[in-house]
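Guided by the hints, dock chain B onto chain A, whose structure is given.
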Amino acid sequence: MDKPFAITLDPGSSLANHTGSWRTRKPVYLDRLPPCNAGCPAGENIQGWLFHAESGDYEKAWRVLTLDNPFPAIMGRVCYHPCESACNRGQLDSPVGINSVERFLGDEAIRRGWQFDQPSASSGKKILVVGAGPSGLSAAYHLARLGHGVEIHDAGPLSGGMMRFGIPKYRLPRDVLDAEVARILELGVTLKLNTKVANIEASMRAGNFDAAFLAVGAHIGKRTFIPAGDAAHIVDAISVLRSMEGEDQPMLGRKVVVYGGGNTAIDAARTARRLGATEAIIVYRRTREKMPAHDFEVEEALQEGIMIKWLSTIKHADAHNLTLEKMKLDDKGFPQPTGEFETMEADSLVLALGQDVDLSLLDGVSGLEIKDGVVQVGSNMMTGHAGIFAGGDMVPSERTVTVGVGHGKKAARHIDAWLRGTAYEPATKHEPATFNMLNPWYYSDAPKTLRPMLDAIRRQTSFDEVQGGLDETNALFEARRCLSCGNCFECDNCYGVCPDNAVIKLGPGKRFMFNYDYCKGCGICVSECPCGAIKMVPEEI
Amino acid sequence: MPFQPIKFYQTGTFTVGNRLLNPEQRSVQSHRDRSNAINSGHRACQGCGEALGARYALDAAMEASNSQLIAANATGCLEVFTTPYPETSWQLPWMHSLFGNAAAVATGIAAALKVKGRNEVRVVAQGGDGGTTDIGFGCLSGMFERNDDVLYICYDNEAYMNTGVQRSSATPPAARTATTMPVGAHPGNPFGQGKFVPAIAMAHEIPYVATATVADLRDLEAKVKRAMEFRGARYIHILVPCPLGWGTASDDTILIARLAHETGLFPVFEAEHGVQVSALTIRKQRPVEEYLKPQKRYAHLFGAKPKPDVIARIQQRADRNIRKYGLLQKEVA
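Protein sequence lines, in the order shown, are assigned to chains A and B.
Counting along the first sequence from 1, when you hit position 241 you're at 241 in the working numbering, and nothing is skipped either side.
Take any residue in the second sequence, note its place counting from 1, add 541, and you have its number in the working numbering.
Because the hints were derived from the structure by calculation, they are not lab data.
Owing to the predicted nature of the structure, the values given are computational and were not obtained by experimental measurement.
Don't be surprised by glycine CBs; every beta carbon is placed ideally from N, CA and C.
Certain hints may be false.
Far from chain B, by Cβ distances over 12 Å, these chain A residues were calculated [as the list claims (entries may be wrong)]:
| id | residue |
| --- | --- |
| 1 | Asp107 |
| 2 | Trp114 |
| 3 | Lys169 |
| 4 | His430 |
| 5 | Thr461 |
| 6 | Gly496 |
Chain A residues, not near chain B, derived (Cβ > 12 Å throughout) [unchecked claim]:
| id | residue |
| --- | --- |
| 7 | Asp68 |
| 8 | Glu151 |
| 9 | Pro157 |
| 10 | Leu158 |
| 11 | Leu187 |
| 12 | Gln249 |
| 13 | Arg254 |
| 14 | Lys255 |
| 15 | Glu297 |
| 16 | Lys309 |
| 17 | Trp310 |
| 18 | Leu359 |
| 19 | Leu368 |
| 20 | Glu369 |
| 21 | Asp455 |
| 22 | Gln460 |
Simulated crosslink set (EDC-like; lysine to aspartate or glutamate; CA at most 20 Å straight-line) [as the list claims (entries may be wrong)]:
| id | chain 1 | residue 1 | chain 2 | residue 2 |
| --- | --- | --- | --- | --- |
| 23 | A | Lys26 | A | Glu431 |
| 24 | B | Lys848 | B | Glu831 |
| 25 | A | Lys505 | B | Asp574 |
| 26 | A | Lys505 | B | Glu565 |
| 27 | A | Lys26 | B | Asp792 |
| 28 | A | Lys535 | B | Asp792 |
| 29 | B | Lys825 | A | Asp93 |
| 30 | B | Lys825 | A | Asp445 |
One chain only, chain A, in its complex shape (with noise of 0.2 Å):
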């Protein structure tokens, strides 16, 4: 033995010495469902397509967003953004404004020309799709790019549905809904216009069609009824809006009263402030708090000068003046007549109270069920009958643009798999990742890009549109202040913060994987985790 004085061992290295041994617990890594993508009507991968936008990768980002929606730049306008209320960011600053990011995607996908990937093979079966809306054009997109053969029909002139004939140009413009349109036609999807569906078991016997899908919408305006002189010019907002895409603008006067708090309402007054009247006074019967518009464009209205009036009832219109009751709100919140009366000069009374679906073309349809004017259907979107789907506004939901198009992704998931004669099933779902599993200390304060707004002048006398994009250099910002909740996105927190060497980098896009051969157990990578992608688990003995 030819060693040192006293040294009787050769020197070790310490990995033979196993520490994971001690471990009672471990670290797993996971993927957990961000709230933005848990909230949205479409269901689209948010955080998904974001972690794309951050990388500058646009085309990249488009293309994951337009796998669950084929309309950013549309959605980017006129979606409510229920994403941006659950954004985890909201409580640490502000939301992520991932709707312009969408907006600012779908803008550059129209303006560099990308265009969906063609189905690889055809099924040979036709599906035909009833309306032309943001649900129907939905279905057709996902249908067409499973590979199968769709026919549209519409009624209308153009197509669109209430995307047109319901949402002015101010916040649509015309422009950019026939682009996002017409890349769906580019996929081989015939589009029939002005072609009403009298009858839709005629009309799939009569194209050969294997399945249908129903998205006719809500086209008729509610009434109600309101004692009217003879001269009292009473309309109702619908018809108004869908009026503003013809010939013949609407004549509505110099004061014009919306009586309704819906959204529309607020289109509706919004577009006679336009026309030219001088005064649009919204009539609703409760509170701001009660209203069911969104509060951003009833602040909106009111910058251009909208007026409206609280807790009044409209009980009698006459040619140049309306007589309302005064309200008050009950213990319950219902607003309760008050006898006391005032008049309010107008020379035109909008009716924006609710739209009814016009379902003749089920008439005589066997085993469908109708329950409160809309068609009932199931978890699969699939009606009463057999091989008729249905969804958008004709169907029990609440009336968005994004939940139709959600709709419209979900029918065509479910006739695919019922052409098959399989039933569809969602993946699981992960488990939601909430704002106590981040460790937001590592995200830097980032205040949210705000969009730029037309001026209120402008507003008051013009169509063009009310909200601004972003251009490139502040889109990558906001994309960036995605927080990633519960999905890795290689931050490399992990793999520096462990003790004991124990995380493994697997290099870009591989993301990381544990060593348990030396890990402890100490848990600090999920507690410096930025974004709760790691979770601790028992240790199975």
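Relative to chain A, chain B alone:
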């Protein structure tokens, strides 16, 4: 619209690495080929702050010296948990002699290298707070005073943890240790004792003195890199929480270090030639209770008989540090 500068990266700005950064802008710890100066299999407790701090500092020093680095080590936890005979975790030439002489051993290594003309080989000495502020203090002061070409790194966990948590001159007031039990009129370590060695090092007017914590890796790495740019005596004092001795959860090590900085109790700054040149400012100031409460060594300040007067005195120390070292960002007028 307010001006919003685009930073290099936004998501996870203070994280170890970031896929959005150029590789050369990323931290040493984010590199797959970092030297891992202390290898896996060492016997430090779960969540050891010292094992982490030593790897952070030495990996950065290895990078700065092109891996031409020799370490001298004082007796202490770091020495014991890395080198149980015959195993070693060290991935660099490493020498242990006695508890109190690490600075002198390093001086000798530096002198030998100078004689051999090996200027490219750099020397670090390292020890815990006991080996640095108490037992090795004479040797350390001598090394400073002679301006020997050594970077001395003190991993401060505020007591003799290796031998069973006895008080050192770096133990903070009111803390419980095995030798300062929470009994009597003034429980825990007394106020008005102990020393802050970074200030003493500055008094030697050596080229570089800095403090850091394991909570801010980028700051720590920048300081080691800066220290390696100097020749002569340099001193870095790193706060490394000890789950065993402080009575904290093993996964709270970095959180506790962060709170030590954000309360102002541990000032993070750097000084050149005896003059402070920068301070790591506190992003969001925290009351000292947030730092004290999770630590069992301060449990006697809370609970059934809380001692708000003692907590107030600790808060005063934090406030004095904030004033003295300028730890709060100046309000922009």
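Comparing the hints with the structure gives:
| no. | hint | verdict |
| --- | --- | --- |
| 1 | Asp107 | holds (19 Å) |
| 2 | Trp114 | holds (23 Å) |
| 3 | Lys169 | holds (25 Å) |
| 4 | His430 | holds (20 Å) |
| 5 | Thr461 | holds (24 Å) |
| 6 | Gly496 | violated (3 Å) |
| 7 | Asp68 | holds (22 Å) |
| 8 | Glu151 | holds (44 Å) |
| 9 | Pro157 | holds (40 Å) |
| 10 | Leu158 | holds (36 Å) |
| 11 | Leu187 | holds (33 Å) |
| 12 | Gln249 | holds (34 Å) |
| 13 | Arg254 | holds (36 Å) |
| 14 | Lys255 | holds (36 Å) |
| 15 | Glu297 | holds (21 Å) |
| 16 | Lys309 | holds (34 Å) |
| 17 | Trp310 | holds (33 Å) |
| 18 | Leu359 | holds (48 Å) |
| 19 | Leu368 | holds (49 Å) |
| 20 | Glu369 | holds (48 Å) |
| 21 | Asp455 | holds (14 Å) |
| 22 | Gln460 | holds (22 Å) |
| 23 | A:Lys26 <-> A:Glu431 | holds (19 Å) |
| 24 | B:Lys848 <-> B:Glu831 | holds (15 Å) |
| 25 | A:Lys505 <-> B:Asp574 | holds (10 Å) |
| 26 | A:Lys505 <-> B:Glu565 | holds (17 Å) |
| 27 | A:Lys26 <-> B:Asp792 | holds (12 Å) |
| 28 | A:Lys535 <-> B:Asp792 | holds (12 Å) |
| 29 | B:Lys825 <-> A:Asp93 | holds (14 Å) |
| 30 | B:Lys825 <-> A:Asp445 | holds (11 Å) |
Of the hints listed earlier, the one the structure fails to meet is number 6.
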